[in-house]
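Given next are the chains, with one letter for each unit.
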Amino acid sequence: MAVGDVPLEVFASIRAVVAEQTGLPVVVGPSLPQPEHALDAKRRQYSSPAVLAGIFRQANGFSGKLLGVTGCDLFIPMLSFVYGQAQLDGQAAVISTARLRQEFYGLSSNTSLLLSRTAKEALHELGHTFGLIHCADKSCVMSLSTNIHQVDLKLGRYCAVCSRAIEEKVKR
Amino acid sequence: MKPHWAILVVDDEEVMCESLAAWLREDGYAVDTASSGREALDKAARRDYAIYFIDLKMPGGMDGLETMMAIRRLHPEASIIIITAYATVDTAITAMKEGAQEYIVKPCNPEEISLLVSRIIKVKNLQRENTILRKKLSRQYRFQDIVSKNARMHDVLGLACQVSSLRSTVLIRGESGTGKELIARAIHYSGSRAAKPFVPVSCAALAESLLESELFGYEKGSFTGATESRKGKFEQADGGTIFLDEIGDISPKVQVELLRVLQDRCFYRVGGSQEVQVDVRVIAATHIDLEAAVAEGRFREDLFYRLNVVEVRVPPLRDRRDDIPLLAEHFVDRLAHELGKDIRGISEGALRILIDHEWPGNVRELENAIERALVTARGWRLAEEDFAFLLQAANGRKSWAVPANTTLQELEKQAIAATLGRTGGNVKEAAEVLGIDRSTLYDKMKRYEIARA
Numbered sequence: 001m002a003v004g005d006v007p008l009e010v011f012a013s014i015r016a017v018v019a020e021q022t023g024l025p026v027v028v029g030p031s032l033p034q035p036e037h038a039l040d041a042k043r044r045q046y047s048s049p050a051v052l053a054g055i056f057r058q059a060n061g062f063s064g065k066l067l068g069v070t071g072c073d074l075f076i077p078m079l080s081f082v083y084g085q086a087q088l089d090g091q092a093a094v095i096s097t098a099r100l101r102q103e104f105y106g107l108s109s110n111t112s113l114l115l116s117r118t119a120k121e122a123l124h125e126l127g128h129t130f131g132l133i134h135c136a137d138k139s140c141v142m143s144l145s146t147n148i149h150q151v152d153l154k155l156g157r158y159c160a161v162c163s164r165a166i167e168e169k170v171k172r
Numbered sequence: 001m002k003p004h005w006a007i008l009v010v011d012d013e014e015v016m017c018e019s020l021a022a023w024l025r026e027d028g029y030a031v032d033t034a035s036s037g038r039e040a041l042d043k044a045a046r047r048d049y050a051i052y053f054i055d056l057k058m059p060g061g062m063d064g065l066e067t068m069m070a071i072r073r074l075h076p077e078a079s080i081i082i083i084t085a086y087a088t089v090d091t092a093i094t095a096m097k098e099g100a101q102e103y104i105v106k107p108c109n110p111e112e113i114s115l116l117v118s119r120i121i122k123v124k125n126l127q128r129e130n131t132i133l134r135k136k137l138s139r140q141y142r143f144q145d146i147v148s149k150n151a152r153m154h155d156v157l158g159l160a161c162q163v164s165s166l167r168s169t170v171l172i173r174g175e176s177g178t179g180k181e182l183i184a185r186a187i188h189y190s191g192s193r194a195a196k197p198f199v200p201v202s203c204a205a206l207a208e209s210l211l212e213s214e215l216f217g218y219e220k221g222s223f224t225g226a227t228e229s230r231k232g233k234f235e236q237a238d239g240g241t242i243f244l245d246e247i248g249d250i251s252p253k254v255q256v257e258l259l260r261v262l263q264d265r266c267f268y269r270v271g272g273s274q275e276v277q278v279d280v281r282v283i284a285a286t287h288i289d290l291e292a293a294v295a296e297g298r299f300r301e302d303l304f305y306r307l308n309v310v311e312v313r314v315p316p317l318r319d320r321r322d323d324i325p326l327l328a329e330h331f332v333d334r335l336a337h338e339l340g341k342d343i344r345g346i347s348e349g350a351l352r353i354l355i356d357h358e359w360p361g362n363v364r365e366l367e368n369a370i371e372r373a374l375v376t377a378r379g380w381r382l383a384e385e386d387f388a389f390l391l392q393a394a395n396g397r398k399s400w401a402v403p404a405n406t407t408l409q410e411l412e413k414q415a416i417a418a419t420l421g422r423t424g425g426n427v428k429e430a431a432e433v434l435g436i437d438r439s440t441l442y443d444k445m446k447r448y449e450i451a452r453a
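For the record, the sequence lines run as chains W and B.
Counting in this note's numbering, the first sequence runs from 1 upward without gaps.
Counting in this note's numbering, the second sequence runs from 1 upward without gaps.
Just so you know, not all the hints are guaranteed correct.
With a Cα cut of at most 25 Å, we get these calculated PhoX-like pairs of lysine-lysine [unchecked claim]:
1. B:233 with B:220
2. B:253 with B:231
3. B:233 with B:253
4. B:57 with B:135
5. B:57 with W:42
6. B:233 with B:136
7. B:106 with W:42
8. W:138 with B:122
9. B:106 with B:43
10. B:124 with W:138
11. B:413 with B:446
12. B:233 with B:196
These are computed hints drawn from the structure, not numbers from a lab.
Bound-form chain W, shown alone (with noise of 0.2 Å):
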């Protein structure tokens, strides 16, 4: 789902990524708007644990998995940003676009990159959301991503561990 302004294509890439790596049905759900309750207007950042929170709220009865998708930079107060964050072995997860633009960096647009940076770090958040830790394996999805350069190294996929404990979650 969408929280705040989102481009359509996004959802395309994620909904057809997520699907091929976990043969698991993908809908898109109901927008949220911009989260003006998670702003922090010292640091302007939105506060991920408060976004997150946000997005849990909407599962209402639903069991599967919630993931939702932001424009708006997020962090966590220890840390300077976050790429995302989930409930570990939780239903809810968040990623946001900010930092996976080539803008933010001062370069020109690229919006193939986007939507393949956009389908990694869905993957990765999810991944969490099914009790997956960081991989070690750095071209796995599931490996730590601290900033866009090993974003960037990762491949969209799971590696076959990671793919096999999801699996195995999903029959349990």
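Since the structure of chain W is already known, use the hints to place chain B on it.
Relative to chain W, chain B alone:
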């Protein structure tokens, strides 16, 4: 694998605590949170955390520094990272002085925290591995782990055990393969120096100049190739034990230097002008007859007496045959496991072969023979035919054996004299039989003072 490492995040701000904890959990750590110094102390008393993230400013009587100090009293080895919103040089210095491992200002870059945590965990893993290996090592080399029921061997072990807590120099004597190094290690690991290094040096394996720099270290530029200064084995063993194996083979020059270390516990590095003081216990070992070497002038008498403070004589295996079944069973168990073979024991016939064998190479030869038999064995236990190679070797030795302590020159002299005897003093014929030319034979006859007939 990280899950066995636990982290505690201490901050009065719930969202700060929980979000950092969640972020670290995604990395596989077990993370707990505490909202005050008191709660942190309660949790630290119940669980041993590898890393503590503690916020500097906390209300309620106990601030970050106080919490840190209290935790350090409980767990001196804990790694503590102090978090603060505003960096001031004073607080940073105070935090580090009181034992904080790091000091970070929030918000900080995710990469910084990730690197910091993985660096601390890497060190913790190495420390843990080191502790496990040390425990394993000392277990392996305790006196009670030396396999023997032989009365002579028990006397040897009793004496070695008695001297283990002293600093006295020990000279271990015995044939090759009798387990001299094993006893030296048992002395070290049973004494008060067990936590310090045990440094073995094989004196026979190194040339004089190499042995000198190996034992005493060298200064940069002291010889070609000395591109940097290096500590020698004596310095490496400081606080612990140095084991000088094959001490009978060292040159007169090294003997003098060793004597000085034994007398004064100090020496100079090769090319160095600064005296180096060490606290090292010396255990030496030899298979040669040192008294004879002293009588022949090959070994300094004063060094011999310095080394021979406590003498431990390890009997050869042929003099403790009652230990052979016990040792054989021990080696079969251990080596079968190491080689991944499902072999459980040894037949009576095979044991008889082992008991009757002469074992010139002692326990080491027995161990090697059992490993060789295990590699080729097909049954569920070692049988007589698995040791056929021992019978062949024994037969071979019976037909001709080199006498003990024979030099190559002595052998050559005997071969020339015997051949000349057989040819009735005919040098040309003897040279042909020996495969050398006549002039070479004449040279050697002159050198060895061998007459024609």
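Verification of the supplied hints:
{"no.": "1", "hint": "B:233 with B:220", "verdict": "holds (17 Å)"}
{"no.": "2", "hint": "B:253 with B:231", "verdict": "holds (20 Å)"}
{"no.": "3", "hint": "B:233 with B:253", "verdict": "holds (17 Å)"}
{"no.": "4", "hint": "B:57 with B:135", "verdict": "violated (41 Å)"}
{"no.": "5", "hint": "B:57 with W:42", "verdict": "holds (20 Å)"}
{"no.": "6", "hint": "B:233 with B:136", "verdict": "holds (23 Å)"}
{"no.": "7", "hint": "B:106 with W:42", "verdict": "holds (14 Å)"}
{"no.": "8", "hint": "W:138 with B:122", "verdict": "holds (18 Å)"}
{"no.": "9", "hint": "B:106 with B:43", "verdict": "holds (24 Å)"}
{"no.": "10", "hint": "B:124 with W:138", "verdict": "holds (23 Å)"}
{"no.": "11", "hint": "B:413 with B:446", "verdict": "holds (11 Å)"}
{"no.": "12", "hint": "B:233 with B:196", "verdict": "holds (13 Å)"}
The structure does not agree with numbered hint 4 stated previously, though it agrees with all others.
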